[in-house]
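**Q** Assemble the whole structure, with the sequences as input and the hints as a guide.
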Amino acid sequence: MLPYKLNLILYFKKAIDMKFLLSIFFLLTLTINAKASQNCAVILMHGKWGLPYSTYLKILSEKIEKLCLIERPEMPWSRNRNYDQTYESLLNELQKKSENYRKKGIKKIIFAGHSFGANASMAYQAYIGDADALIAIAPGHNPYGMYHIFGLVPGHALKVDNAKKNIDEGKPEILIKFIDLNYGVSIGMKKEFEIRSDIFFSYYNPEGLAHMVRTAKEFKKATPFLYIEGDHDNIKVGSKYSFEKTPFHPMSKYQTVVADHAMAPEVASDLVIEWLKEIVK
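In the numbering used here, the protein residues as written are 10 to 290.
Hints were generated in silico from the structure; no laboratory data involved.
Take these hints with a grain of salt, some might be off.
Subject to a maximum C-alpha distance of 20 angstroms in a straight line, what follows is the list of computed PhoX-like cross-link-like pairs (lysine-lysine) [to be verified]: (1) Lys106 / Lys249; (2) Lys290 / Lys113; (3) Lys75 / Lys113; (4) Lys249 / Lys262; (5) Lys105 / Lys116; (6) Lys245 / Lys229; (7) Lys230 / Lys254; (8) Lys262 / Lys226; (9) Lys105 / Lys75.
**A** Now the structure itself:
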């Protein structure tokens with residue numbers, strides 16, 4: 010048998026060696042994660058009347074952060090901003106964010122969103138078109154339905170027409186008072202706003218940039234597109250509505266998850282990460 014002191018020395022040597030190996034492994038992991046983060050950035054957009062750090066996006070955001078840089082801007086439809094800029098103006102701002110990332114050497118820019126934010130990811134690719142990939146989770150906001158389905162919002166179509174008339178007459182600043190719908194929740198919610206005609210029309214034009222059937226057809230290029238819906242979502246429309254109208258890309262994917270509208274981002278988070286890994290590798 011080895012002397013007690015020698016056994017003790019060997020024990021501590023093994024412990025030190027193991028600690029050293031674990032440190033090396035930890036540093037390598039950090040390096041790999043840092044390298045991944047340098048290669049991609051995700052701009053994650055929240056839903057109607059929400060906020061950037063919504064609890065619905067918390068789990069998804071935490072998982073994305075381990076793979077890519079992430080930015081969560083406050084959108085014009087947040088509960089604080091209440092539609093304070095046009096859709097076109099927003100999309101131009103998002104393009105500047107994309108350009109800034111590219112100047113820093115980021116190789117892949119991904120636009121992702123939940124509900125109205127998903128609508129924005131599609132609008133971005135139709136209006137700007139430089140995204141390397143898109144993620145739409147439980148896409149929402151349907152100006153076409155609000156305009157054409159009689160009784161959904163009484164008088165809504167007339168307000169849209171009046172806003173267009175104001176713009177055509179050079180009076181975009183005239184205010185329009187309207188009822189907004191949020192059908193992502195179980196019974197649907199309504200809220201009254203009063204905003205400029207040009208801002209109102211940019212989001213509620215039934216054939217405009219918020220109409221996902223239109224934007225799906227107008228992507229500037231074939232783009233990897235992950236489209237996810239909750240099978241218990243009140244506003245689920247299926248793959249034929251807009252997803253199948255986008256330019257074909259072999260990495261595009263339509264998927265349903267067992268979730269309602271609000272919980273879809275969390276439930277789909279692992280699916281999103283696995284798909285993202287293939288996009289950014």
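**Q** If any of the earlier hints don't hold here, list their numbers in rising order.
**A** 1, 6 and 9
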